[in-house]
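Novice: The primary structure of each chain is shown beneath.
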Amino acid sequence: MKRDNIIKTTNLLYVLPMLIFFGVFILSPIIQVFENSFLQIKANGDVEFIQFDNYIKFFNSKDASMVLKNTFIWVFVGVAAKILIGLLMALVLYNNFVGKRVLTGVMLIPYAMPAAVSCVVWRLMYHPTFGHITQLLLDLNILERPMSFLGNPATSLLAVLIVNVWAVAPFCALNILASLYSIPTYIYEAASIDGAGHLRKFFHITIHLIFTDVRTLALLIGIWAFNSFDVIYMMTTGGPANSSSILVNLVYQNAFEFNNRGYASAISIICFIILSIFSVLYVRSKNKEVSFE
Amino acid sequence: MNRNKIRKRAYKFLLALVVIAMIVFLFFPVVAMITVSLKPANEVFSRPVRWLPSEPAWENYIEVFEKMDILVGFKNSIIVAIGTIITILLIGIPAAYAMSKLDYWFKDIIYYLVLVSQMFAPIIVIIPLYQQMNNWGLIDNHVSLVLMNVTFNLAFIVLMLKSSFDNVPVEVLESAKIDGCSRFQALIRISLPIASMGIAVAIIFAFTRTWNEFLFAFTFTASTSKKTIIVKLYEILKNNPAIGIPWHLVMAGATIATTPLVILFISIRKYITGDVTKGAIK
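Each protein sequence line maps, in turn, to chains D and Y. For the first sequence, position 169 matches number 169 in my numbering, and the numbering has no gaps at all. For the second sequence, position 94 matches number 1094 in my numbering, and the numbering has no gaps at all.
Here chain D stands alone, though its shape is the one from the complex (with noise of 0.2 Å):
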């Protein structure tokens, strides 16, 4: 009994190195922002306790509602276009065609370049001189004269989830259809038999059994949108006037380009509270996955 917990404590050493990292590079760091959110950091580096002053100026502020629906926007509606893209890619991997392999192997690429690649190439793009899809509009008379997606506060927004959607969808088509693969096919053989057809089997089977792996994965990427600050940083800076800001990259604003250090911790602060719900959500839903063998 006494050694078994003598091993218990040395094994800890194992695990210690890590622990070690997150205290000092996360858990001590979140101490500290929740400690700044209650102060003003003047530039010369005065610090003055303003308790709340700081989350009801973000609430109180014209920034906030806008950014709070541009983040609703770019984490539900990119969440949605991701998953539905991707279950339709799915689908089709899963018949069989010439070229298959092929194409499930190279359709990682969007997902593979670097962020800051893929922000470049789909500037360019947008580009309303030079871009390749204001040249499609225009050929395709869509448009009727060039306008810039990215410098337009109505467009800029959807201009850069496009991007973002581009990029996770093929990551969230071969998640699903590794658990559409995981449904045993005597499952449909035996809705055969009963006489179901191709629809009645997708609704009342296929969906039935991928979803809790699909509601992870939702999650997951939901997580990841909410936390991408580069790509709307590399496209648009969150702008123009914040029309695409989210969440994060008010933080990022105000900590280095208005030296607003209080302010900005508020912000993280509702973002670290946002995120806790949604990872808690996750790990029930990861314990609630099931197999089918």
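Certain hints may be false.
[Claimed, not checked] Label pairs and their calculated CB-CB ranges:
| id | chain 1 | residue 1 | chain 2 | residue 2 | range |
| --- | --- | --- | --- | --- | --- |
| 1 | Y | Ile1086 | D | Asn141 | 54 to 60 Å |
| 2 | Y | Leu1014 | D | Glu257 | 31 to 37 Å |
| 3 | Y | Ser1182 | D | Phe59 | 56 to 62 Å |
Because the hints were derived from the structure by calculation, they are not lab data. The model shown is predicted, which means the values in this text are computed figures rather than measured ones. Idealized CB from N, CA, C, for every residue including glycine.
Given chain D, work out where chain Y should sit, using these hints.
Specialist: Chain Y in isolation, oriented as in the chain D frame:
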């Protein structure tokens, strides 16, 4: 019977249409990148947009090295990636091994801590981290980038390594113990070789994620000689006036920065949804 045939044809036709739509959607930007990278300078700015270069200008790929000091970026990215991989393996392998095979205090709590820390956005804590690095004199230094990349990839890599250690049968370890192996020797001599495939995949993941990392590389470096390739690419766009961006060279640089990653990614694609990453990616 005939109706069935028509149905099948229609289904096949629809399938082909969706496959084509998929290919266009996924690869149009990739093709755009490659074609623009091969355009001679004067065709980049021609209007209407030319879809293909009149003749491939391979010299762009040489010019990008001469004009944009891409090579320094490459060197920096590789230094940071190697530093990250070594540190992450030194810390991650023992941790993952213990999580898979050993008993210790607070085992469940530590497991959930790792799982949740994976979800954590670095940007939330970037202010104190910047101050901390500044106090340690590590701003504009690759060490700070290594530390940050290790911190924010560690959970993911540890979970991945844990599942490959889970594949090492306990019986093998027990018989090694009978033969007089210590727990640490059992890790080095027996578990590591069996889990080597999983470790290789983990190394590739750590490499790609570090290579792609933008937030810290952009915020924590100031001098051009320290910037990674990703930051350099972005800064060509940022520092040039909108009209004067040499798009053909940018795209050549982008193609060069992407190629190693695409090869690595495709080589491990079955692990992206497979056993090794169970619990890590999803």
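Novice: A separate judgement is required for each hint: does it hold in the structure or not?
Specialist: Here's how the hints hold up against the structure:
no.	hint	verdict
1	Ile1086(Y) <-> Asn141(D): 54 to 60 Å	holds, 57 Å
2	Leu1014(Y) <-> Glu257(D): 31 to 37 Å	violated, 50 Å
3	Ser1182(Y) <-> Phe59(D): 56 to 62 Å	holds, 58 Å
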